[in-house]
Every structure is written in structure tokens, then in C-alpha cells.
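Number of protein chains: 2
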Amino acid sequence: MVKAKVFIYNKEYEGLPKEGDLILKEEDLPPIEDGEFLAKAVYLSVEPFMRSSASVVPLGSVLIAFQIAKILESKNPDFPVDRYVVGFFGCRTYTVANGKGSMGFLAAHLIPDLEDVPLSYFLGILGTPGNTAYFGFLEVCQPKKGETVVVSGAAGSIGCIVGQIAKIKGCKVIGIAGSDEKGKWLMDELGFDDFINYKTHDLDEVLTQIAPNGVDCYFDNVGGKTTAILIKHMSDGGRISVCGTMSTYNEKDGKSFPTSLPLFCFVSKQIKMEGFLVYKWIDRFPESVQQNLRWIQEGKLKYRETVTEGFENMFQAFLGMLQGKNFGKAIVKI
Amino acid sequence: MVKAKVFIYNKEYEGLPKEGDLILKEEDLPPIEDGEFLAKAVYLSVEPFMRSSASVVPLGSVLIAFQIAKILESKNPDFPVDRYVVGFFGCRTYTVANGKGSMGFLAAHLIPDLEDVPLSYFLGILGTPGNTAYFGFLEVCQPKKGETVVVSGAAGSIGCIVGQIAKIKGCKVIGIAGSDEKGKWLMDELGFDDFINYKTHDLDEVLTQIAPNGVDCYFDNVGGKTTAILIKHMSDGGRISVCGTMSTYNEKDGKSFPTSLPLFCFVSKQIKMEGFLVYKWIDRFPESVQQNLRWIQEGKLKYRETVTEGFENMFQAFLGMLQGKNFGKAIVKI
Numbered sequence: 001m002v003k004a005k006v007f008i009y010n011k012e013y014e015g016l017p018k019e020g021d022l023i024l025k026e027e028d029l030p031p032i033e034d035g036e037f038l039a040k041a042v043y044l045s046v047e048p049f050m051r052s053s054a055s056v057v058p059l060g061s062v063l064i065a066f067q068i069a070k071i072l073e074s075k076n077p078d079f080p081v082d083r084y085v086v087g088f089f090g091c092r093t094y095t096v097a098n099g100k101g102s103m104g105f106l107a108a109h110l111i112p113d114l115e116d117v118p119l120s121y122f123l124g125i126l127g128t129p130g131n132t133a134y135f136g137f138l139e140v141c142q143p144k145k146g147e148t149v150v151v152s153g154a155a156g157s158i159g160c161i162v163g164q165i166a167k168i169k170g171c172k173v174i175g176i177a178g179s180d181e182k183g184k185w186l187m188d189e190l191g192f193d194d195f196i197n198y199k200t201h202d203l204d205e206v207l208t209q210i211a212p213n214g215v216d217c218y219f220d221n222v223g224g225k226t227t228a229i230l231i232k233h234m235s236d237g238g239r240i241s242v243c244g245t246m247s248t249y250n251e252k253d254g255k256s257f258p259t260s261l262p263l264f265c266f267v268s269k270q271i272k273m274e275g276f277l278v279y280k281w282i283d284r285f286p287e288s289v290q291q292n293l294r295w296i297q298e299g300k301l302k303y304r305e306t307v308t309e310g311f312e313n314m315f316q317a318f319l320g321m322l323q324g325k326n327f328g329k330a331i332v333k334i
Numbered sequence: 001m002v003k004a005k006v007f008i009y010n011k012e013y014e015g016l017p018k019e020g021d022l023i024l025k026e027e028d029l030p031p032i033e034d035g036e037f038l039a040k041a042v043y044l045s046v047e048p049f050m051r052s053s054a055s056v057v058p059l060g061s062v063l064i065a066f067q068i069a070k071i072l073e074s075k076n077p078d079f080p081v082d083r084y085v086v087g088f089f090g091c092r093t094y095t096v097a098n099g100k101g102s103m104g105f106l107a108a109h110l111i112p113d114l115e116d117v118p119l120s121y122f123l124g125i126l127g128t129p130g131n132t133a134y135f136g137f138l139e140v141c142q143p144k145k146g147e148t149v150v151v152s153g154a155a156g157s158i159g160c161i162v163g164q165i166a167k168i169k170g171c172k173v174i175g176i177a178g179s180d181e182k183g184k185w186l187m188d189e190l191g192f193d194d195f196i197n198y199k200t201h202d203l204d205e206v207l208t209q210i211a212p213n214g215v216d217c218y219f220d221n222v223g224g225k226t227t228a229i230l231i232k233h234m235s236d237g238g239r240i241s242v243c244g245t246m247s248t249y250n251e252k253d254g255k256s257f258p259t260s261l262p263l264f265c266f267v268s269k270q271i272k273m274e275g276f277l278v279y280k281w282i283d284r285f286p287e288s289v290q291q292n293l294r295w296i297q298e299g300k301l302k303y304r305e306t307v308t309e310g311f312e313n314m315f316q317a318f319l320g321m322l323q324g325k326n327f328g329k330a331i332v333k334i
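Chains as they are written, first to last, in our numbering: chain Z, 1 to 334; chain E, 1 to 334.
With the rest of the complex left out, here is chain Z:
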């Protein structure tokens, strides 16, 4: 019998998650039946939505997460042994699955064999974050060459891709993040035009200086005060894509957490603001995966991962990501 280690959502988060909020347990897995397969986790994805979705996950269930897993046994011809899958299996070391979707998320899917791309990229730039950056920016913001684009959470798994896609599209790109080290990475390695450390600088003042003609597109990962300041700086006809509101996830009642926005600016500047869930474009995912892959192969899209070793250290990786410690995509290597 296979024993799986699992992280259970044990206690409702108050603010930043604490050690006891998740507990590590062992679970006996049943033998696989027809249509099922057994897979062993190789990488776990650590993402903001694991915190923001807490209220829809019942206490006592396995913490939600995407993972890459290797198929060890199979009674499902679509999922052959030794292949790797991306699955929404949760934080667990072994999984018995049938490859169908759950909780409205993607069904598990096989990872193609690509020699020049690391396997773990399928949790990031070739997975949900990559699809999110591609559609959430291009479809919602409709950027035009020469426009000024601001990305918050710019050094995160999605933000760093958005900024690079904006550069590919000929925009001037300004990243907002919380350390100068991140800023250096964004500018020196990823080609961002400018960077604002929101912890040490006055965002309002700096934007006045470096975006004097206003911001045409704002890709919002953080919400809160940052959004309010950006609205003031949007140009006429500016577009805001709301991907997440990371700055409010640890607030009590984060889902309805009120953010003070200058609403009249929406009228006077004809601003459009649109929130999205990436599954809106699920039928077009092959397009984003193919395009992001091509840009990687052409050297136009760079990627970085912050890797935590060991399943048991998942909580630390989760906490670190919520505190903004990661550069690029946070993952756990099992």
C-alpha cells in the first residue's frame, strides 16, 4: 500500500498563515482502479491563490496546489507510466487520479517531452502563470507599441512574464516590487525600463517623474493603495487588468476588503478596469503555451524559479511567497 504525505488545511488563517494552520499527515492510498493512475509528486507549485482561495476550501481538506508528478502505475491509456503530468492534486506526495478536472480547475494533462526546457516550467511560464500573464495582459490591456505599462508584483511568477511580454510588444515597462535586488534583476536581466521599490520610495512621486504622460496599461497583482495611486496616474483611455490583490489576502475578510479608489477618475479619464480568471481563455491555452515556449527558445522570455527543497518545507515556501521573498516562480522540489 502506498502511503502519501499530505498537508491538511487545519485552522482558518488569521492574517499571515502560521505553522499550526496546516498539518502534515500520512494517508493510505487505495490501489488504482480502471481509468486511474498513481503519480508521485516531483514539484509543487506555490501560488498566491492558495491563500486567497482559503475561504472556499473546507477545513480538514488537503491544501490546494498544482503539482508535476511522475506516473508510476496506470490503468488509463491516456496517462502512461513514466510520463509526467501537471495536475491539480493538492499538496501531497502521491496521488491516485483519473485525470479529470476538479473544483473547476483543469484536468490533469501530460507534459510533452521537450529537451531544452526544464520540467518545472510547466508549473510556471508554460503553465497557469504563463497563461495568466499572456491572456490577462494582452487580452485585457490590449497594449500598443510605445505605450507605458506598469506591473505590480513585478518580480513574481506572473508579473515578470507580463513585463517581458510588454517589452516584446514595444512598450515602456515599469516594474513595482519590494526590494532593490528584485529591481536590479528586472532591469538588468529582464529588460524592464524602470523600477520602483514601493517600500523605500513614494510611488505617487516617482510615477509623476518617470511616467509624465501617464500610464496606459496597469497590470495589477497587488490591489490596495497601489491601485488607488495608479488610477490617479492612468492616461486617458487607460486599461487596468486586475489579476490579483495580493496586498489584501492576509487581511481579515480579504475577499471583500475595501480599497479606497478615486472613482470619478474612471469617468474623467475613461479608464477601463477588468478582473479575470485565466480559465476564461482555457480553449486558447495551447496558443499561450506555444507562444511563451517560442519566446523562451528565442531568448526573449527569461525565467527564474525560487526552489525550496523537500516536501516538508512546503509551509516555509508558502509563507515566503506570501511575504514576497521569491524571485519569479516559487516551487517546492520533492
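Treat the hints with caution; some may be incorrect.
Pairs of lysine-lysine residues, derived as BS3-like cross-links and limited to a Cα-Cα distance of at most 27 Å, are as follows [claimed, not checked]:
1. E:K325 x E:K302
2. E:K269 x Z:K225
3. E:K167 x E:K184
4. Z:K269 x E:K269
5. E:K40 x E:K333
6. Z:K232 x E:K269
7. Z:K100 x E:K269
8. Z:K70 x Z:K100
9. E:K144 x E:K269
10. E:K252 x Z:K269
11. E:K269 x Z:K252
12. E:K144 x Z:K280
13. Z:K252 x E:K75
14. E:K100 x E:K40
With beta-carbon atoms standing in for the labels, derived distance ranges [what the hints assert, rightly or not]:
15. E:D204 x Z:P31: 45 to 53 Å
16. E:P112 x Z:K252: 56 to 64 Å
17. E:D283 x Z:Q142: 19 to 27 Å
18. E:E312 x Z:K252: 49 to 57 Å
19. Z:K145 x E:K280: 15 to 23 Å
These aren't lab readings, by the way, just hints derived from the structure by calculation. For each residue, glycine too, the CB sits at the ideal point set by N, CA and C.
Given chain Z, put chain E in place with the hints provided.
Then chain E, alone, in the frame of chain Z:
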């Protein structure tokens, strides 16, 4: 020499405008030159933007306003004597103009001779408010048959048209306004399906009851708390058209007045919110005027005006409109 009476913007508004904020003066008009005409005001339009645009109008200038005027003398073949024009002439009894635009607003234009439609409608349902309702609702909200539409400021000059267009398009329409008398008019005469008096009822509670499946389109004339509550009630993929934020115009620093909104709802419900200025669709105004006229002639679009008699009483009409005393379009008959 023609003497014109004019209302001068004399003192910066603090909160609701007060008597002394505007002063009535007399002005000598010069004789008309080539390309000019002299016109006598017949109707003045009284609109919320006259308050909200205060900060861009210098003290000492004539209070901005649209008016309908009769051409008395002309040295411009495009503006013949005895015809009526709509012009952005300001609050004045006589005007010397050349028919060109000013302050980014429409140039003056001749009113067509239509026997079955009152002249004053060209300040309302066949003018800016009509164009605003038509494009601001149809283009931004993209309503579909069977959807639930909420309109705030529903008994105002724009809101009452939006609601009726939504009915024409097969939507369920809920109006929000500040008196039961207005509600009765909206439901009994204009065909709204439901009505909420925000002064006597809890908007949040009532919406839960009468829009249990959520609001698909919200046409926002008021901003503030109403917008925050509506965002909570939007359905997945809901669209918000921000036409104005009337509830904040009399606040200090009304243009950047902060409104607390549950920003995360934009993500989780994939909400789109877009503000607009109707001049965005200026090239398509003939379409909205023609369509609104056709609907009036077919009896599908009803209209009402709150008429104040006498140029001198313009201030009272302006104040009354800001206090929500008007049903439909507020105008002053000279």
C-alpha cells in the same frame, strides 16, 4: 447694442452650491462679424457636469451650460436667421457665436424641424443625455436579452433613458432613486420592473431579494457606497458603466474623492468597470439621435422634463437638480 444677462462663476463651491457662488451680471455684446451669428436663449440645460467640471472652469467666467437658442441675426450661411441651434454657450440670454466648438465640446448645430417632437428634447433625449444613455449603456455594458440591469440615478435625465433602452433590449430593469414618487413613475409609466428607494431601504438587502442571480449590468450615475454594494451583487462577468459619481460631486476634492470598493470581487467575479465621456462616440451621434427619435415616435421611449421658468431662476434649478428634485431632464425656460 444687445445686452446679455449672464451667470458668472464667482466663488468656489464648498459642498452644495450657494446663492453667492454665482452672480448675475449684464454684458454688452459686440455687433456680429463675418462668420458669426447672434442667438437668443430659449432653453438652458441644467446638468450634473456643471458642478463636477467646476474645477476646470476659471472663477469669473460664465457658468458652463448647453442651451437651445434662436438665431436673430447672422453673417454665417450655416446658421440662418429664425433657425434654432444647440450650443455650448453657457448660462446667458444672448450669445454671439461662430458655431465652432469650445472646451472640447461640440460645435453648435442646427436643430432639424420636427413637428412631433418638442424643441427642448434636443437638450435631453435627442441631445447629450440621450447620446450618453445610448452609447454609455449599449457599448460599455453590451446587455443581452434576459439579463438583469440596475440603473442608479434612475429618474434622472440619463438614467430614465438607460432603463427604457434596457427594457427595449429585453432586460429585467431595476431602478435606484431617492423617492417613492420617482419609483412610481419609473415602474408605472416607464416600464421598469422594480425600484429601490435608497433613502428608505437597505440596498444590499433588497438586491439580495430581487436580484438573487446577481446583476449583469450596472449603469452608475452616482458612485460612492451604491457602487460598492453593487459590486458585491454583480454576477460573474458583470459589466459596470460609470457615467458619473453624482453622490461625490459636492464633497471637498470631489474629483479624487475616495470610494471604498471590494477590489478582489473584480477578480473573483471577472467584473469589468469602465468610465466614459460621451464624446468618445461623437462620430456616431447621428445613430443615437435617429434611434432614440424612432423609439420616441414608436412610443417605446418616454420622456419627462422638470421645467423651471425664467433665466433668473437658473440657480434654483441647478440646486434642485443637484439635490435630486428633478424627474427626468432639468431645464430652464427663458
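Here is how each hint holds up against the structure:
| no. | hint | verdict |
| --- | --- | --- |
| 1 | E:K325 x E:K302 | 19 Å, holds |
| 2 | E:K269 x Z:K225 | 21 Å, holds |
| 3 | E:K167 x E:K184 | 16 Å, holds |
| 4 | Z:K269 x E:K269 | 24 Å, holds |
| 5 | E:K40 x E:K333 | 12 Å, holds |
| 6 | Z:K232 x E:K269 | 24 Å, holds |
| 7 | Z:K100 x E:K269 | 24 Å, holds |
| 8 | Z:K70 x Z:K100 | 16 Å, holds |
| 9 | E:K144 x E:K269 | 18 Å, holds |
| 10 | E:K252 x Z:K269 | 20 Å, holds |
| 11 | E:K269 x Z:K252 | 20 Å, holds |
| 12 | E:K144 x Z:K280 | 19 Å, holds |
| 13 | Z:K252 x E:K75 | 69 Å, violated |
| 14 | E:K100 x E:K40 | 17 Å, holds |
| 15 | E:D204 x Z:P31: 45 to 53 Å | 52 Å, holds |
| 16 | E:P112 x Z:K252: 56 to 64 Å | 60 Å, holds |
| 17 | E:D283 x Z:Q142: 19 to 27 Å | 20 Å, holds |
| 18 | E:E312 x Z:K252: 49 to 57 Å | 56 Å, holds |
| 19 | Z:K145 x E:K280: 15 to 23 Å | 22 Å, holds |
The structure fails to meet hint 13 from the earlier list, while all remaining hints are met.
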